[in-house]
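Can you build the whole structure from these sequences, using the hints too?
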Amino acid sequence: MTKKYLHYYLAVAILVIAQFIALDACALETGTIVTKDEQRYENVTFDILPVYKVISFDYEGEKKNLSFDRIDVIYGPDGSDITAAVIGGHYKPKKEEWKSETDTDFGADTKTSEDWNYGTDPDFKRARAAKYSVGLRLGGSYSIPISDYYDGITSGIGIEGELLIGLTHNMGIRVLISKSGMDVEDNFRLFYSVPEATILSEEYKYTMIRYMLGVQYYEIKGQIDRSKTMLYIYTGLGLITEDITATVTVRDNLDDQIYVLDGSASESRFALNFGAGLTTFISKNVGVDFAFSMDQVFIPGEGNYKSTTAYSLDLKAGLVLLLD
Amino acid sequence: MSITRLSIMSLFVVCIMLLIGCTKAYIITDDLSEPLTLNQYCFIGAITDELPEDFEEDDKPTAETIEDFKTYIIEELSQKGIFADFPANGQDAPYEITGSILDYKKGSGFVRFLIGFGAGSARVTVALRLIDTSTDQVVFGGNFTGNVTNWAEEGHMMFKRVAKDFAKQLEKAVEKVELESMPTG
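If you read the protein sequences in the order shown, they are chains H and R. The opening residue of the first sequence carries number 12 in our numbering; numbering runs sequentially from there. The opening residue of the second sequence carries number 4 in our numbering; numbering runs sequentially from there.
Simulated from the structure, these hints should not be mistaken for laboratory data. Hints may be right or wrong, so weigh each one.
[Claimed, not checked] Derived DSS-like pairs (lysine-lysine); straight-line CA-CA distance at most 27 Å:
(1) R:K108 to R:K163
(2) H:K110 to R:K73
(3) H:K110 to R:K108
(4) H:K106 to R:K63
(5) R:K163 to R:K83
(6) H:K74 to R:K171
(7) H:K232 to R:K171
[Unchecked claim] Partial chain R-side listing against chain H, Cβ under 7 Å, derived:
(8) T51
(9) A66
(10) T101
(11) N150
Note that beta-carbon positions come from the ideal geometry of N, C-alpha and C, so glycine has one too.
Written out as structure tokens, the structure reads:
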């Protein structure tokens with residue numbers, strides 16, 4: 012073997028070993044196989060091919076591949092039933108019964124939904140909308156401040172993104188990051204001219220960023236691949252960070268010098284929120300979303316200021332992408 | 004060529020063949036031995052749940068998915084021209100196709116997109132059988148696997164692949180048996 016080709020052979024050897032480890036293809040057993048149509052194969056040595064769910068063996072000079080679902084029982088060399096050990100749970104006969112994504116038919120008999128024993132009644136065919144595994148929501152929101160704390164702050168349009176994680180058919184988690192559109196009012200003023208100085212201009216900027224984690228309850232009505240609507244309500248908690256920056260241009264009346272002064276303040280607040288919405292799907296996974304939410308922000312007291320609670324209302328619209 | 008080099012080359016070829024074998028998407032369990040009567044009706048029958056007993060109900064394919072799968076089987080077989088039609092009810096159809104879902108993983112398109120490298124992949128293993136209804140015997144069958152590893156593909160593509168492979172293998176078997184049954188000389 013020359014060194015020139017050694018690395019190729021080693022790479023192939025590693026690949027083959029990895030394949031066999033992954034496929035578990037070299038599982039040899041000996042036993043008697045009885046099929047569901049009562050064919051019997053005595054004392055055969057068989058390969059188990061788990062990827063294809065097939066048992067492979069030679070019988071009377073012929074290669075036979077038996078699907079797991081055709082096997083009734085496999086007896087080991089000592090006569091014991093080794094079916095479950097070889098093919099797991101595939102060997103019990105099953106029917107063509109698949110849960111519908113949106114079937115709300117509780118049956119043609121007189122039973123009402125209250126009569127069904129959810130989860131244990133074998134005849135119960137409960138409607139189950141397909142839950143999602145993850146989703147993304149991107150959109151805008153019109154934020155409206157509605158408490159005294161926000162005096163001087165006006166409404167505005169912001170942007171937000173959410174990660175949606177489906178837990179069960181009705182419950183999920185929402186992780187929100189948003190930049191509120193609220194900003195300082197145009198006529199907001201903090202400073203006034205005095206004999207010693209003239210305020211030439213004032214510029215203020217208010218930024219609110221929300222980081223919220225919540226749980227939601229949702230219902231999906233409609234069928235996959237057809238019109239589908241998701242209704243949801245949610246509640247959560249998190250952090251709101253507020254930044255105010257101010258840039259003030261001042262003229263010193265004594266020496267006519269012009270100064271530009273800037274400063275900023277930043278605070279983080281604990282907040283709760285709750286909201287509700289409706290998503291109308293325009294395709295299997297993409298929907299248009301409309302929602303509203305209310306934030307309750309807790310402002311601790313400081314000095315002469317008592318603690319207070321501030322509220323803001325958001326009206327939202329966006330696009331949702333849900334993935335199975 | 005020295006014996007050492009010959010042995011190594013042979014091992015190399017065997018390894019390549021093993022790799023090819025391991026990655027085939029199907030295995031035939033019942034090969035066609037007699038010619039089919041072509042241009043007959045074929046009924047797409049039951050696709051049963053043969054998933055393990057401890058398989059979570061929520062993780063199983065839905066009834067709508069199974070109906071779509073049957074549609075894919077009809078679409079693929081229609082292109083092969085083996086059967087005349089696929090009636091909605093099974094009466095008087097000389098052939099019937101039945102199947103069993105033996106393994107299923109729905110996967111996640113989001114995870115395939117975000118992580119890749121096989122994460123979130125979807126797969127299905129289905130046993131499909133063509134039955135001669137006059138004798139109730141399986142005339143052709145196999146276990147077929149379908150996978151989706153690409154984030155750009157939706158999960159239902161794995162069922163389409165299974166349907167395509169089944170139709171293709173049935174067509175090959177029909178042609179092979181017809182060739183073998185032609186008189187020689």
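So which of the earlier hints does this model not fit? Numbers 7, 10 and 11 - these are the hints that the structure violates, sorted from lowest upward.
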